[in-house]
Amino acid sequence: MLTLYLTSVADSHNSPALDALLSRIAAGDRDALARFYEQTRGAVYGYALSVLKNEQDAQDALHDCYLLIVRNAGAYRSQGKPMAWVFTIVKNICLQQLRQRRRTDGEANAQAYSFELCEEMNADDRLTLTACMERLSDEERQIVVLHAVAGFRHREIAKAMSLPLATVLSKYHRALKKLRTVLDKE
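Residue numbers for the sequence shown follow the numbering used here, so the first one is 40 and each next one is one higher.
The set of hints was computed from the structure by calculation and includes no laboratory data.
Remember, predicted model here, so these are calculated numbers, not experimental data.
Among the hints, erroneous ones may be present.
[To be verified] Simulated crosslink set (DSS-like; lysine-lysine; CA at most 25 angstroms straight-line):
1. K198 to K120
2. K216 to K198
3. K120 to K130
[Claimed, not checked] Estimated spans, in silico, between C-beta atoms of each pair:
4. A73 to A205: 38 to 48 angstroms
5. A73 to T206: 30 to 40 angstroms
6. A59 to L106: 17 to 27 angstroms
7. D99 to H212: 26 to 36 angstroms
8. D163 to T143: 31 to 41 angstroms
9. D70 to A162: 27 to 37 angstroms
10. R192 to R213: 15 to 25 angstroms
11. A66 to K216: 39 to 49 angstroms
Built from N, CA and C at the ideal position, the CB exists for glycine as well.
Go ahead and model the full structure; you've got the sequences and the hints to work with.
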């Protein structure tokens with residue numbers, strides 16, 4: 040069930056229709072923004088949560104991301120990868136929040152978090168996903184979310200995270216082994 044959900048989320052992000060929605064957003068179309076939000080919010084929130092590990096901070100990042108999308112949609116140049124543009128925005132927001140948190144708290148708080156990517160996930164799936172993701176390192180979690188939820192290729196993830204491709208591949212496969220182990224125990 041969980042694998043089916045993640046696959047359907049990733050498939051919805053590879054749609055060339057997102058480019059068209061961004062063009063309409065740039066023209067001020069609020070309906071296009073609503074559709075874009077509905078199609079991408081789960082992946083954006085999931086990525087923000089995987090970086091920030093705090094539900095409220097992830098929701099703030101989600102909100103800020105869509106504000107920036109509206110503000111900068113006119114500057115977007117289609118290269119067939121609108122989610123790469125969106126993830127660059129949310130990544131920068133998350134990094135900014137982490138820097139601010141370190142300045143105010145001294146260190147980033149390692150708080151428990153929960154995944155609320157979609158209403159279709161039942162409570163058991165959410166608990167299982169949370170338990171699985173807590174076992175992963177920060178980099179592993181980000182790589183898994185970018186690949187499994189957002190549908191990025193490993194090469195794209197390596198470039199976005201400034202890591203060698205071999206490192207991304209090994210961390211991804213290591214993370215999958217950890218996830219399988221947790222799922223087998225559940």
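Hints, one by one, checked against the model:
1. Restraint check: the Cα-Cα separation between K198 and K120 comes to about 14 angstroms, which is no more than 25 angstroms; the hinted pair holds.
2. A hinted pair counts as satisfied when its Cα atoms are at most 25 angstroms apart, and K216 with K198 qualifies at roughly 23 angstroms.
3. Distance restraint check for K120 and K130: the Cα-Cα separation of roughly 16 angstroms lies within the 25 angstroms cut-off, and the hinted pair is therefore satisfied.
4. The given range of 38 to 48 angstroms is respected by A73 and A205, whose C-beta atoms sit roughly 41 angstroms from each other.
5. Roughly 38 angstroms separates the CB atoms of A73 and T206, a value that falls within the hinted 30 to 40 angstroms.
6. A59 and L106 have their C-beta atoms about 21 angstroms apart, which keeps the hinted 17 to 27 angstroms range intact.
7. Between D99 and H212 the C-beta distance comes to about 32 angstroms, which sits within the given range of 26 to 36 angstroms.
8. Checked against the given bound of 31 to 41 angstroms, the beta carbons of D163 and T143, roughly 36 angstroms apart, stay inside it.
9. A beta carbon spacing of about 32 angstroms between D70 and A162 agrees with the range 27 to 37 angstroms that was offered as a hint.
10. Between R192 and R213 the beta carbon distance is about 18 angstroms. The supplied range of 15 to 25 angstroms therefore holds.
11. For the pair A66 and K216, the supplied restraint of 39 to 49 angstroms holds, since their beta-carbon distance comes to about 47 angstroms.
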